[in-house]
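Asker: Chains as they are written, first to last, in numbering that gives the first Met the number 0: chain A, 0 to 352; chain B, 0 to 481.
Any given hint could be a false lead.
Selected chain A positions facing chain B (in silico; Cβ < 7 angstroms) [as the list claims (entries may be wrong)]:
1) THR44
2) ARG118
3) GLN139
4) LYS142
5) GLY146
6) SER261
7) ILE262
8) GLU311
9) LYS313
10) GLY317
Dumping the calculated DSBU-like pairs for lysine-lysine here, alpha-carbon to alpha-carbon at most 30 angstroms [as the list claims (entries may be wrong)]:
11) B:LYS59 x A:LYS263
12) B:LYS163 x A:LYS263
13) B:LYS165 x A:LYS335
14) B:LYS235 x A:LYS263
15) B:LYS163 x A:LYS335
16) A:LYS313 x B:LYS235
17) B:LYS235 x B:LYS163
18) A:LYS335 x B:LYS153
Honestly, the hints are just simulated from the structure, not real lab data.
Just so it is clear, the structure is predicted and the values come from calculations on it, not from any experiment.
Glycine included, C-beta positions come from ideal geometry on N, C-alpha and C.
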Amino acid sequence: MISADQSEELAAKVTEARDSGNPLVIMGGNTRAWLGNAPEADFPTLSVAGHRGVIDYQPEELVIRVRAGTPLTEVVSLLAANQQYLPFEPPAFGSESTIGGVIATGLSGPGRPFRGAVRDHVLGATIISGAGECLSFGGQVMKNVAGYDVSRLMAGSYGVLGVLLDVSLKVLPVPQATVTLAVPLSVQAAHARMPGLSMIPEVSALAWYNGQLLVRYSGTEQAMARIRSTADGELAEDHIWAQIRDLSLPEIAAADVLWRISIKPSASDLLGETCLLDWCGGLRWIVPAEAMTDVRAGLSQGEAMIFRGSTETKQRFGTFHPMAPVPARLNLALKKRFDPAGILNPGRLFEEA
Amino acid sequence: MNRESLIAALQSVCGKVIVDDERLRVYETDGLMAKKQRPGVVVLPETIAEVQAIMSLCHKAGVPVVARGAGTGLSGGATPHPDGIVLSLARFNRILEVDQQNLLARVEPGVTNLAISRHVASLGLFYAPDPSSQIACTIGGNVAENSGGVHCLKYGLTVHNVRKLKLISPEGELYEVGSEAFDTAGLDLLALMHGSEGMLGIVIEVTVRLLPIPESISVLLAAFDDVSVAADAVGKIIAAGILPAGLEMMDNPAIRAAEAFVHAGYPEEAAALLICELDGSGTELEAQARQLDELLRAAGAILIRHATEAADRDRLWQGRKSAFPAVGRLAPDYYCMDGTIPRRELASVLKQISVLAEHHGLGVANVFHAGDGNLHPLILYDANQPGDTERAEAFGADILTLCIEKGGTITGEHGVGIEKIDQMCVQFRTAELAVFHQVKSAFDETGILNPGKAVPTLSRCAEFGAMHVHRGEEKFPHLERF
């Protein structure tokens, strides 16, 4: 396992960019550059990939502190060797995906409704602000209310506030056993069953794909034996959850344009058009028949993001769902304070004009 | 604006304005009794429009606004500002909607924590965070402090259990962060609001996540003849892959005080007690309780008790839950600390706290949320003895410094407020404190929201205050403190 501390070199580069006013595009393993808004121009890359390695991991603390450039696979295997895992089940978009990218994009996997999101597991973070300063927030403990919770703010911030140097994450013991059951159902029928199923304490994921309701149960061996003999459905491969998490299911992986709908789980919007339904119904993946379809226009509530699409599609409809005026103003105000020179991933998450 | 014209302006936009000395006195402290400050005016709005008008007025006039729920906070977050108003959200006390389909409840900020769980109990649901003051503290205050409780090892803090907030900006605008969905576009302002101690916005509605009530609960009490052995047992439980709903620890002075106070049947000779609560489905829970029993014996427990029936469980918990008032009987005054440390440091920190106690010449009893390393050392002293208060404060400051040295934090769940503002200078460097001020200014450019709290000024750290609990003078003597 490679370990290297490049925080000083990285801070020097940010300081240089701040002084020259030339923006930087922050990059880890280059597996998520297609997410969010494309850079406004051909800005130079700030590679964080070399700043890597586990700083501290003691399994009985349920916390791992790791540098941003550390490959996700390395962290996942280290945790697995200690029967632990990242409860937010982040997607990997290739073996080069780094922890920094995981935090910056803030994407959580199928367990999210039950075990929480990326931000729920961030306990602390060290960042380089746009002013070039190394700053440390939060810590390695579960409970900490000293100061504003800047470290959680890093999750899903797309690098617009700071360059993530390292992060402390809460981890959990891997459940003793897991069972996946599939029930052949239409998307509407599966959706109708989800609220009832979500009341079962062992349920740890609820999705629908390709005519099947998929239910994941996790818990003790004894509980899983009981569920196998009593719960509705055919036994299915647990591997399906990795495919759902990594968006590697055939129809989704092949789509040129992919919309991500985050919505109140019980809402019925666009159910018929949904290719993959996850998060108890709260996450809907839609592959439009025509690339230039405004999927957002078909929503009565919730939010739509162009997850994958050409720059043209993104520019036409807007990559992210538009924010209401006050939150939009507050986003911008935070950006200006963390990065007054506007040099860190400008425009990646929202327009900064 | 002078006080008379401010009162007149407030009266024109809000139906209930308190100006007389007698009734203002009610608001002069929160749970941090040592700091008293009579507010100039208290407003008790009843509608969102009234709150908006009050904020807009105060923003234009530059009048500080301190939001207040039940005033049970322990760090002075709701201590009034000498030149400001107190904005009480007590009248916003309705549960607006329970959404069984999505397991959400939409409530007003003045609803008490426990009222939510009580309201949804018949549906087989509950709201998980359970700060000890839950019978009185409000959900708005829980958001402001990011409150925990005894079950956060498994169920998380307030931030993990709130899906959406409706807020009013200092300018008086109504807006939302978060949603009924699991995430929203843009920066995670919802997370940032938690624990912001009323300095970024006024919470006017909270949508909380509800959970199914566990089928059964099992409580184990384990006694140890050595504090270090007990502390190490905590690590072994976690290492075995067991995630208890609650995992609490008490040292010998706390055990003896609790036993003398409520006769919970604790072994008084024990050096330390662990109280471990498991929840889940019936048969699996039994198996897990057996596993835990074996583990605790192997880890050196000298006595184990096990309870599954509600009355028996309550009895095992009772000593722990009454530990604060019980310790309050040991000395005229006690000072409650709230540091958090990595679990592995438990034994060494306890040892050093006892060394510090000797150095300062004061007694100390320790009760804490061992599962998440959150310590509540209770420093015993007598405020009537010259120099005792100063020694207690110095002892407390040493404990907090020790927590920081061990990689922990000065406050796990009580907040900074005015109480620990001095220690913020120990935990954070100038650069980070400057960022906190910047965050504040992004939300509240003119700085009217709860000024002077939570983040010390860069020029100098404010003078250190303390949670002073004088015997018979507790603000909320009927509340459990744990």
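Asker: State for each hint whether it applies.
Answerer: Here is how each hint holds up against the structure:
1. Checking THR44 of chain A against chain B: minimum C-beta separation of about 23 angstroms lies over 7 angstroms; hint violated.
2. Interface restraint check for ARG118 of chain A: the shortest CB-CB distance to chain B comes to about 5 angstroms, inside 7 angstroms, so the restraint holds.
3. Because the beta carbon of GLN139 of chain A sits about 6 angstroms from the nearest beta carbon in chain B, less than 7 angstroms, this interface hint is met.
4. Because the beta carbon of LYS142 of chain A sits about 4 angstroms from the nearest beta carbon in chain B, less than 7 angstroms, this interface hint is met.
5. About 5 angstroms separates the beta-carbon of GLY146 of chain A from the nearest beta-carbon of chain B, less than 7 angstroms, and the hint is met.
6. Interface restraint check for SER261 of chain A: the shortest CB-CB distance to chain B comes to about 4 angstroms, inside 7 angstroms, so the restraint holds.
7. The beta carbon of ILE262 of chain A is positioned within 7 angstroms of a beta carbon in chain B (closest approach about 5 angstroms), and the interface hint is therefore held.
8. Given hint, GLU311 of chain A at the interface with chain B, is violated; its Cβ is 20 angstroms from that chain's nearest Cβ, farther than 7 angstroms.
9. Checking LYS313 of chain A against chain B: minimum C-beta separation of about 13 angstroms lies over 7 angstroms; hint violated.
10. Taken as an interface hint, GLY317 of chain A does not check out: its beta carbon lies about 10 angstroms from the nearest beta carbon of chain B, beyond 7 angstroms.
11. Using a Cα cut-off of 30 angstroms, the hinted pair LYS59 of chain B and LYS263 of chain A is violated, with the two alpha carbons roughly 38 angstroms apart.
12. At roughly 12 angstroms between alpha-carbon atoms, LYS163 of chain B and LYS263 of chain A fall within 30 angstroms of each other, so this suggested pair holds.
13. Proposed proximity of LYS165 of chain B and LYS335 of chain A is supported: the alpha carbons are some 24 angstroms apart, at most 30 angstroms.
14. A distance of roughly 40 angstroms separates the Cα atoms of LYS235 of chain B and LYS263 of chain A; the hinted pair therefore is violated under the 30 angstroms criterion.
15. For the suggested pair LYS163 of chain B and LYS335 of chain A, the alpha carbons sit about 25 angstroms apart, so the restraint of at most 30 angstroms is met.
16. Annotation: proposed proximity of LYS313 of chain A to LYS235 of chain B is violated, straight-line Cα distance about 51 angstroms (limit 30 angstroms).
17. With a C-alpha separation of about 37 angstroms, the suggested pair LYS235 of chain B and LYS163 of chain B falls outside the 30 angstroms cut-off, and the hint is violated.
18. Proximity of LYS335 of chain A to LYS153 of chain B is assessed by CA-CA distance (about 37 angstroms); at most 30 angstroms being required, the pair is judged violated.
Consistency note: the structure conflicts with the earlier hints numbered 1, 8, 9, 10, 11, 14, 16, 17 and 18.
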